[in-house]
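Take the sequences, apply the hints, and build the full model.
There are 2 protein chains.
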Amino acid sequence: MTAGPTNAHQALVLKLLRDSGPNSRAGLGELVDLSRSKLAIEVDRLMETGLVVNDGLAASRGGRRSHNVRLAPELRFLGVDIGATSADVAVTNAQLEVLGHLSQPIDVGAGPVVVFEQVLDMAAKLRAAGLAEGFAGAGVGIPGPVRSSEGVPVAPPIMPGWDGFPVRQALSQDLACPVMVDNDANLMALGEQHAGVARSVKDFVCVKIGTGIGCGIVVGGQVYRGVTGSAGDIGHIQVDAEGHPCACGSRGCLEAHFSGAALARDARAAVESGYSGELADRLAVSGTLTAADVADAAAAGDTLAGELIRKGGDLLGQVIAGLVSFLNPGLVVVGGGVTGLGHGLLAAIRTQVYRRSPPLATGNLPIVLSELGSQAGVIGAARLITDRVFSPA
Amino acid sequence: MTAGPTNAHQALVLKLLRDSGPNSRAGLGELVDLSRSKLAIEVDRLMETGLVVNDGLAASRGGRRSHNVRLAPELRFLGVDIGATSADVAVTNAQLEVLGHLSQPIDVGAGPVVVFEQVLDMAAKLRAAGLAEGFAGAGVGIPGPVRSSEGVPVAPPIMPGWDGFPVRQALSQDLACPVMVDNDANLMALGEQHAGVARSVKDFVCVKIGTGIGCGIVVGGQVYRGVTGSAGDIGHIQVDAEGHPCACGSRGCLEAHFSGAALARDARAAVESGYSGELADRLAVSGTLTAADVADAAAAGDTLAGELIRKGGDLLGQVIAGLVSFLNPGLVVVGGGVTGLGHGLLAAIRTQVYRRSPPLATGNLPIVLSELGSQAGVIGAARLITDRVFSPA
Numbered sequence: 000m001t002a003g004p005t006n007a008h009q010a011l012v013l014k015l016l017r018d019s020g021p022n023s024r025a026g027l028g029e030l031v032d033l034s035r036s037k038l039a040i041e042v043d044r045l046m047e048t049g050l051v052v053n054d055g056l057a058a059s060r061g062g063r064r065s066h067n068v069r070l071a072p073e074l075r076f077l078g079v080d081i082g083a084t085s086a087d088v089a090v091t092n093a094q095l096e097v098l099g100h101l102s103q104p105i106d107v108g109a110g111p112v113v114v115f116e117q118v119l120d121m122a123a124k125l126r127a128a129g130l131a132e133g134f135a136g137a138g139v140g141i142p143g144p145v146r147s148s149e150g151v152p153v154a155p156p157i158m159p160g161w162d163g164f165p166v167r168q169a170l171s172q173d174l175a176c177p178v179m180v181d182n183d184a185n186l187m188a189l190g191e192q193h194a195g196v197a198r199s200v201k202d203f204v205c206v207k208i209g210t211g212i213g214c215g216i217v218v219g220g221q222v223y224r225g226v227t228g229s230a231g232d233i234g235h236i237q238v239d240a241e242g243h244p245c246a247c248g249s250r251g252c253l254e255a256h257f258s259g260a261a262l263a264r265d266a267r268a269a270v271e272s273g274y275s276g277e278l279a280d281r282l283a284v285s286g287t288l289t290a291a292d293v294a295d296a297a298a299a300g301d302t303l304a305g306e307l308i309r310k311g312g313d314l315l316g317q318v319i320a321g322l323v324s325f326l327n328p329g330l331v332v333v334g335g336g337v338t339g340l341g342h343g344l345l346a347a348i349r350t351q352v353y354r355r356s357p358p359l360a361t362g363n364l365p366i367v368l369s370e371l372g373s374q375a376g377v378i379g380a381a382r383l384i385t386d387r388v389f390s391p392a
Numbered sequence: 000m001t002a003g004p005t006n007a008h009q010a011l012v013l014k015l016l017r018d019s020g021p022n023s024r025a026g027l028g029e030l031v032d033l034s035r036s037k038l039a040i041e042v043d044r045l046m047e048t049g050l051v052v053n054d055g056l057a058a059s060r061g062g063r064r065s066h067n068v069r070l071a072p073e074l075r076f077l078g079v080d081i082g083a084t085s086a087d088v089a090v091t092n093a094q095l096e097v098l099g100h101l102s103q104p105i106d107v108g109a110g111p112v113v114v115f116e117q118v119l120d121m122a123a124k125l126r127a128a129g130l131a132e133g134f135a136g137a138g139v140g141i142p143g144p145v146r147s148s149e150g151v152p153v154a155p156p157i158m159p160g161w162d163g164f165p166v167r168q169a170l171s172q173d174l175a176c177p178v179m180v181d182n183d184a185n186l187m188a189l190g191e192q193h194a195g196v197a198r199s200v201k202d203f204v205c206v207k208i209g210t211g212i213g214c215g216i217v218v219g220g221q222v223y224r225g226v227t228g229s230a231g232d233i234g235h236i237q238v239d240a241e242g243h244p245c246a247c248g249s250r251g252c253l254e255a256h257f258s259g260a261a262l263a264r265d266a267r268a269a270v271e272s273g274y275s276g277e278l279a280d281r282l283a284v285s286g287t288l289t290a291a292d293v294a295d296a297a298a299a300g301d302t303l304a305g306e307l308i309r310k311g312g313d314l315l316g317q318v319i320a321g322l323v324s325f326l327n328p329g330l331v332v333v334g335g336g337v338t339g340l341g342h343g344l345l346a347a348i349r350t351q352v353y354r355r356s357p358p359l360a361t362g363n364l365p366i367v368l369s370e371l372g373s374q375a376g377v378i379g380a381a382r383l384i385t386d387r388v389f390s391p392a
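Listed in order, the protein sequences are those of chains Y and F.
For the first sequence, position 242 matches number 241 in numbering that gives the first Met the number 0, and the numbering has no gaps at all.
For the second sequence, position 280 matches number 279 in numbering that gives the first Met the number 0, and the numbering has no gaps at all.
None of these hints come from the bench; they were simulated from the model.
There could be a bad hint or two in this list.
Heads up, simulated BS3-like pairs for lysine-lysine below, C-alpha to C-alpha not over 25 Å straight-line [claimed, not checked]:
no., chain 1, residue 1, chain 2, residue 2
1, Y, Lys201, Y, Lys14
2, Y, Lys201, F, Lys201
3, Y, Lys37, F, Lys37
4, Y, Lys14, Y, Lys37
5, F, Lys37, F, Lys14
6, F, Lys14, F, Lys201
Listed next, the stretches of chain Y that the computed footprint assigns to chain F, with coverage defined by at least 3 CB atoms under 8 Å from CB atoms of chain F [stated by the list, open to error]:
no., segment
7, 209-218
8, 232-246
9, 315-324
10, 351-364
From a predicted model like this one, the values you see are computed outputs, not experimental measurements.
C-beta atoms are modelled at their ideal positions from N, C-alpha and C, and glycine is treated no differently.
Written out as structure tokens, the structure is:
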């Protein structure tokens, strides 16, 4: 474990090198607004920590050519994105480029001890493949609300056994590095902001459709987590007073009507009540139906699958229309495991938002699919921990 | 017109004196984080502008006693809050204390020229009463979206004739002072933050129920206006797909079902279809029914009036529950002309929010009525323009 930056100038240099790559001392001095001599002192201190190294001679700007500097190429971060039914684990360098990425099925209901055993196994595999010797930090996303100051899940509806589990503390012991924990939708937003479709956008929302539905909110370039860390918890907004019961104990919640779990349930119910197309064939073959089956069937032209996606997209679109009216964001990103649903889903959402939200809010509003797919969460997780590691203690 | 501050330290001194009153140079030095000698330079410059004056000797802190400083007591600001059916105009000093306040009925549909003639008459009356010689600035709230950089209303649904009218430019000529324009709900939020129930709260929403319904959003202590200035435009969130047609051209919008205008319409319809209680008597006497009549009748125990308020409060509560799930604010303030509806309305809103939003978001969430009533908007308007006048050009 290396020592970190000791002041705001050093922190800014580290984040500039992370986000924009190697740079000359002269270039950094302009961006940090420090004189050449003062910047040299800060860069030299960062070199002593081992976080920053020289990187060849910079292009000539007249006068003596200086060295470029960059983040140490051997620095490694771990990005972990835990969903209800799968976990993604990736190793990145300090510029958050993904060097290796594993994904495997899990059952979040098995509880944190079992799930983190699997996650640590995946991290060990990535290490064994030569991608990392150790980690300078790890970021972890979980599909529920998090008290982010402590890195602890709080009463997550789809995560029995996780309430209050000290994720940060436990993992930082196992991995021997600093750990930060956040809600998975917040990390997806951070990932899209760092390397995806939201790179130049200061105010946007990122809707993540997985087993449940969550939303990351970015205001003024910063993730907004709310006063108790539950901001973006849109899965339990009521869309039908007489609707399906929900895991949260309420009724008619958005995610009880549209989410990976709801799609699988509705597809199965349709088949069991006599529907005989593509989805019935899939159920007969595999004995189960998932949201991915619905997506594939819709892509193959199956009417029922298309109808399920359109109906769900209408409900989600109504909720997003309300958020757009309320927040007037500059971009809406739709992602998560169910984005295999693709353009049919996007069309339904757009129809609702453009019809229902005020023209002033929708006039220049792009509504787009995630660019990064399953990498958004792990890149966002790595970004979260580098924000911490690259800040003064 | 005095010159303004020339740097961020001077701006901070002015805002501290506005928000916390007279202070010693030593006290200001600590708050601004400047040495005594550097602070003295900034305070002396502010004295040259006339914005700041000496105010007697400060309490002894050992050594030579220094003068307190304060904002010039003769500085005057104008706060204007235009609603659909009434206008409030107030004169404040530089600490935003209301020295005089007039309210009179207007018809916003008569257009900006007619309305601002009335507003300027009201300002002239307040001046004639000796409350001000001239104004160092004026803030103006209007009940619709505003492009705040230019101070221009944008396609406001309940304000025919106002779209694109150069409010800021026209009024700053008439009043011979700087003018800032904002949405009325944003100014209500600013007012409650400055002098009302939200004084110590960094993240809150302020729902304003007037002829229409709007919402001010404060995030990290700053009003959040969205990327095109329409944030908080919740009046057109759909609450009933088969509902009443709305002035915006859509159907089933919140404010078509619950707002001052909707309450008056529903009360009249009930009376015309044969209802014979308190509201019928009021209509017979005055020939018209307003939201205030519904409030008074409910307070007098009228069943229909109580039922109209409860039903409307349920719908508004459902929308607020969604906002609470999404934003996880630290406080919800309910205000505007219709808050005469009072505790019956509040009970309906609370029931919906506490039932529907996640426990983590509602556990410590106060939902309260505005403390300032009709003064919230004018104090917020004065605050808006002092934020500008007390900033470097």
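A quick look at each hint next to the structure:
1. Y:Lys201 / Y:Lys14: It holds: about 17 Å lies between the C-alpha atoms, which stays within 25 Å.
2. Y:Lys201 / F:Lys201: OK: lysine 201 of chain Y and lysine 201 of chain F at ~20 Å, within 25 Å.
3. Y:Lys37 / F:Lys37: Roughly 23 Å between the alpha carbons, so the hint for lysine 37 of chain Y and lysine 37 of chain F holds.
4. Y:Lys14 / Y:Lys37: holds, 18 Å
5. F:Lys37 / F:Lys14: Within the cut-off at roughly 18 Å; holds.
6. F:Lys14 / F:Lys201: Roughly 17 Å between the alpha carbons, so the hint for lysine 14 of chain F and lysine 201 of chain F holds.
7. 209-218: Result for this restraint: holds, n = 3.
8. 232-246: holds (count 5)
9. 315-324: Answer holds; 6 residues pass the 8 Å Cβ test.
10. 351-364: Our answer is that it holds, as 9 residues pass the Cβ test (under 8 Å) against chain F, meeting three.
Violation of the numbered hints given earlier is absent; every hint is satisfied by the structure.
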